[in-house]
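Undergrad: Sequence:
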Amino acid sequence: MTLRVTNTLTGDTEEFEPADPDSVLLYYCGLTTSDPAHLGHARGWVHVDVMHRWLEWLGYDVRHVENFTDVNEKIVARVGENGESEADVARSYIRSIIDDMRSLNLRRAEVYPRVSESIPEIIDLVETLIEKGYAYEANGSVYFDVTSFDDYGKLSNQDPEQLDAQGDPDERSEKRNPADFALWKDGGVAPGTVADHQHDEAAPPEEAAETAQTWDSPWGEGRPGWHIECSAMSTTHLDDTIDIHVGGQDLVFPHHENEIAQSEAATGQTFAQYWLHVRLLDAADDEKMSSSLGNFETVDEAIEAYGPDAVRTFLLSTAYHNEAVYSRETMDEAVERWEGLQRGYERAVEACDSVDARTTIEDTDLREAVETSREDFAAAMNDDFNTRAALAALEELVSAVNTHVDSHDEYDYRGLREAVETLAEFAGNVFGLGLGDTGSGGDVTLAEDLVDLVLSVREQEREAGNYKRADDLRDELEALGVEVQDTDDGPEFRLNN
RNA sequence: GCCAAGGUGGCAGAGUCCGGCCGAACGCAGCGGCCUGCAGAGCCGCCUACCGCCGGUUCAAAUCCGGCCCUUGGCUCCA
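For the first sequence, our numbering gives the first residue as 136, with consecutive numbering after it.
These aren't lab readings, by the way, just hints derived from the structure by calculation.
Be a bit skeptical, because a hint or two may be false.
[To be verified] With a cut-off of at most 20 Å between alpha-carbon atoms, the simulated EDC-like pairs for lysine to aspartate or glutamate come out as follows:
{"hint": "1", "residue 1": "267", "residue 2": "286"}
{"hint": "2", "residue 1": "603", "residue 2": "621"}
{"hint": "3", "residue 1": "267", "residue 2": "280"}
{"hint": "4", "residue 1": "289", "residue 2": "458"}
{"hint": "5", "residue 1": "289", "residue 2": "223"}
{"hint": "6", "residue 1": "310", "residue 2": "272"}
{"hint": "7", "residue 1": "267", "residue 2": "375"}
{"hint": "8", "residue 1": "310", "residue 2": "294"}
{"hint": "9", "residue 1": "289", "residue 2": "474"}
{"hint": "10", "residue 1": "209", "residue 2": "191"}
{"hint": "11", "residue 1": "603", "residue 2": "618"}
{"hint": "12", "residue 1": "209", "residue 2": "375"}
{"hint": "13", "residue 1": "267", "residue 2": "285"}
{"hint": "14", "residue 1": "310", "residue 2": "266"}
{"hint": "15", "residue 1": "209", "residue 2": "342"}
{"hint": "16", "residue 1": "209", "residue 2": "296"}
{"hint": "17", "residue 1": "289", "residue 2": "375"}
{"hint": "18", "residue 1": "603", "residue 2": "627"}
{"hint": "19", "residue 1": "209", "residue 2": "252"}
{"hint": "20", "residue 1": "310", "residue 2": "296"}
{"hint": "21", "residue 1": "209", "residue 2": "341"}
[Unchecked claim] Quick list of the computed label-pair ranges, beta carbon to beta carbon:
{"hint": "22", "residue 1": "242", "residue 2": "282", "range": "40 to 46 Å"}
{"hint": "23", "residue 1": "356", "residue 2": "631", "range": "50 to 56 Å"}
{"hint": "24", "residue 1": "375", "residue 2": "242", "range": "23 to 29 Å"}
{"hint": "25", "residue 1": "592", "residue 2": "220", "range": "57 to 63 Å"}
{"hint": "26", "residue 1": "541", "residue 2": "494", "range": "18 to 24 Å"}
{"hint": "27", "residue 1": "147", "residue 2": "227", "range": "54 to 60 Å"}
{"hint": "28", "residue 1": "523", "residue 2": "374", "range": "39 to 45 Å"}
{"hint": "29", "residue 1": "610", "residue 2": "582", "range": "16 to 22 Å"}
{"hint": "30", "residue 1": "222", "residue 2": "311", "range": "40 to 46 Å"}
{"hint": "31", "residue 1": "595", "residue 2": "631", "range": "21 to 27 Å"}
{"hint": "32", "residue 1": "157", "residue 2": "311", "range": "42 to 48 Å"}
{"hint": "33", "residue 1": "335", "residue 2": "231", "range": "16 to 22 Å"}
{"hint": "34", "residue 1": "147", "residue 2": "490", "range": "52 to 58 Å"}
Backbone N, C-alpha and C fix where the C-beta goes; we use that ideal spot for every residue, glycine too.
Based on the provided sequences and hints, a complete structural model is requested.
TA: This is how it looks when you write it as structure tokens:
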């Protein structure tokens with residue numbers, strides 16, 4: 136069974152074959168560090184993370200690079216009135232973005248290159264393009280000549296002539312064709328473009344623009360264009376040809392199209408074999424989750440409200456290239472799904488470790504459920520990373536575990552052990568969910584001891600028939616985030632958050 | 001206008017590449033039952049689908065072909 140992926144370049148679902156049969160070169164177009172990351176960004180992250188984890192499960196050595204765009208007009212537009220600079224603003228957002236990535240339990244990339252530290256590579260690449268006749272200098276700026284690259288438009292099926300017809304001929308009259316795009320931009324940032332992106336507490340556009348970074352180049356002082364960075368970073372940190380390039384669907388044109396043009400013109404090699412695009416998250420009110428609108432939920436807020444595992448479950452409950460709607464309702468559903476998985480896992484662990492688990496018992500229904508779940512999960516993931524169907528396979532297994540434990544007094548030890556391992560392997564390692572993370576920290580242990588103490592008091596009240604008092608204690612514990620359940624073997628509890 | 005992706009039950013969302021196992025998965029919400037002092041969790045059942053519309057191909061179509069309607073992303077800020 137082999138992995139198949141939907142390739143934007145061909146429009147088809149293709150069998151995945153990396154250039155090197157043992158490793159995968161993966162590049163993900165990261166964020167512009169001008170705002171806190173929102174749930175839409177997290178959708179991309181979590182899906183790329185799970186792709187990474189699945190590729191590893193399949194046995195590949197994954198080399199994963201993700202950039203930070205820390206040089207951009209939008210960052211300049213965030214400069215406040217207290218003397219900070221473009222670089223300061225970028226630094227502060229990079230810090231918050233890294234925090235979000237950690238909270239979401241993302242596997243670390245090999246490198247997180249930043250534009251500001253990639254200027255020499257960018258300049259080299261621009262020089263190569265000029266030498267080879269694909270780019271030209273005009274008044275200190277450098278543009279890519281789209282007519283010089285025959286394959287221009289192959290990713291997004293755009294017709295260069297049509298694009299030229301649409302372009303505004305007055306905007307940057309120094310360009311030869313309206314569809315040409317900047318590789319290097321002369322000078323700093325124009326206050327006008329800063330003003331277009333500014334929020335309330337921003338510094339005056341003129342002052343903000345002065346903090347914009349510039350670098351020396353063969354064409355004078357200036358800044359890199361937007362698209363060139365990914366070409367330079369991908370080639371520098373991975374190779375001329377990479378296996379998988381992932382990004383948001385909104386980047387297909389012009390960003391990815393231009394990356395292909397720059398890289399392939401410069402190297403003469405295919406830039407990326409497989410182009411995967413993550414569809415943008417939709418909000419229930421039909422407003423897209425964009426940094427330019429104020430109605431999105433940040434990753435930080437979402438994690439605060441629902442917890443990282445429920446957020447991951449929400450994002451994985453839709454295949455990466457399909458529509459996904461964010462709303463209170465869909466988030467609540469994800470919380471339930473996640474808790475169901477977690478409870479099922481814990482139940483399997485407890486039954487497995489109980490004295491009633493016997494090696495001599497064999498429940499064929501359970502054993503078959505484990506087999507089916509493993510097969511279905513792998514088949515779903517190999518079918519273009521269908522995380523929704525894979526999640527369903529996990530839930531079928533949880534259901535089988537529950538049925539087994541409910542209907543037997545003595546448990547099938549081996550069957551439960553396989554179920555536990557399957558859940559840990561797939562839900563834990565591949566989906567990156569924090570199963571069984573009851574924590575080993577001292578505070579948690581103390582908290583658990585205290586809850587046990589309260590519950591023993593409650594048991595005495597129950598035995599004495601003081602149910603009102605017992606129920607009050609349970610309610611109060613719940614208000615503190617302790618979920619209490621009475622079972623045949625006495626009370627049990629879970630700590631939420 | 002051009003390029004691309006979609007329209008499946010109350011909601012959400014698989015299945016469409018390779019037509020039959022799909023009267024349609026998994027789940028959420030709601031309802032009933034079992035269990036339980038109660039609640040919760042879990043289990044069983046229901047709500048629950050003629051798969052945007054029209055036409056065609058076929059023994060057979062959610063799945064293939066044609067036309068139409070609508071939604072979303074892009075068309076040089078955006079994951």
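Undergrad: So, for every hint listed, does it hold in this structure?
TA: Here is what the structure says about each hint:
The suggested pairing of residue 267 with residue 286 holds, with an alpha-carbon distance near 16 Å, which does not exceed 20 Å. Restraint check for residue 603 and residue 621: the C-alpha separation of about 15 Å stays at or below 20 Å, so the hint holds. Distance restraint check for residue 267 and residue 280: the Cα-Cα separation of roughly 11 Å lies within the 20 Å cut-off, and the hinted pair is therefore satisfied. At roughly 24 Å between alpha-carbon atoms, residue 289 and residue 458 are farther apart than 20 Å, so this suggested pair is violated.
With a C-alpha separation of about 38 Å, the suggested pairing of residue 289 with residue 223 is violated against the 20 Å cut-off. With a C-alpha separation of about 9 Å, the suggested pair residue 310 and residue 272 falls inside the 20 Å cut-off, and the hint holds. With a CA separation close to 17 Å, the supplied pair residue 267 and residue 375 stays within the 20 Å bound. Among the hinted pairs, residue 310 with residue 294 is consistent with the structure: their alpha-carbon atoms are about 18 Å apart, no more than 20 Å.
Between residue 289 and residue 474, the direct Cα distance comes to roughly 45 Å. Violation of the 20 Å bound is thereby established for this hinted pair. For the hint linking residue 209 to residue 191, the alpha-carbon distance of about 36 Å lies beyond 20 Å, and the restraint is violated. Using a Cα cut-off of 20 Å, the hinted pair residue 603 and residue 618 holds, with the two alpha carbons roughly 18 Å apart. Our distance criterion of 20 Å between C-alpha atoms is broken by residue 209 and residue 375, whose separation comes to about 29 Å.
Distance hint between residue 267 and residue 285 is fulfilled; the C-alpha atoms sit about 14 Å from each other, no more than 20 Å. This hinted pair checks out: residue 310 and residue 266 have alpha carbons roughly 18 Å apart, not beyond 20 Å. Annotation: proposed proximity of residue 209 to residue 342 holds, straight-line Cα distance about 14 Å (limit 20 Å). The suggested pairing of residue 209 with residue 296 is violated, with an alpha-carbon distance near 30 Å, which exceeds 20 Å.
Proximity of residue 289 to residue 375 is assessed by CA-CA distance (about 18 Å); at most 20 Å being required, the pair is judged to hold. Annotation: proposed proximity of residue 603 to residue 627 holds, straight-line Cα distance about 19 Å (limit 20 Å). For the suggested pair residue 209 and residue 252, the alpha carbons sit about 18 Å apart, so the restraint of at most 20 Å is met. Straight-line distance between C-alpha atoms of residue 310 and residue 296 comes to about 15 Å, which keeps the hinted pair within the 20 Å bound.
With a C-alpha separation of about 14 Å, the suggested pairing of residue 209 with residue 341 holds against the 20 Å cut-off. Separation of residue 242 from residue 282 is about 42 Å and conforms to the stated range, judged on CB atoms against 40 to 46 Å. Against the hinted window of 50 to 56 Å, the Cβ-Cβ separation of residue 356 and residue 631 comes to about 55 Å, which satisfies the hint. Evaluation of the 23 to 29 Å hint for residue 375 and residue 242 yields a pass: the beta carbon distance comes to about 25 Å.
A beta carbon spacing of about 59 Å between residue 592 and residue 220 agrees with the range 57 to 63 Å that was offered as a hint. A hinted range of 18 to 24 Å holds for the C-beta pair residue 541 and residue 494, which are about 21 Å apart. With their beta carbons about 43 Å apart, residue 147 and residue 227 fall outside the hinted range of 54 to 60 Å. Between residue 523 and residue 374 the C-beta distance comes to about 33 Å, which lies outside the given range of 39 to 45 Å.
The supplied range of 16 to 22 Å is met by residue 610 and residue 582, whose beta-carbon atoms lie about 18 Å from each other. Checking the proposed 40 to 46 Å range against residue 222 and residue 311 shows it is violated: the Cβ atoms sit about 33 Å from each other. Here the CB-CB span from residue 595 to residue 631 is close to 25 Å, well matched to the stated 21 to 27 Å. Taking 42 to 48 Å as the suggested C-beta distance range, the pair residue 157 and residue 311 conforms, at roughly 44 Å.
Our hint of 16 to 22 Å for residue 335 and residue 231 holds, since their Cβ atoms are close to 19 Å apart. With their beta carbons about 55 Å apart, residue 147 and residue 490 fall inside the hinted range of 52 to 58 Å.
Hint violations for this structure: numbers 4, 5, 9, 10, 12, 16, 27, 28, 30, all remaining hints satisfied.
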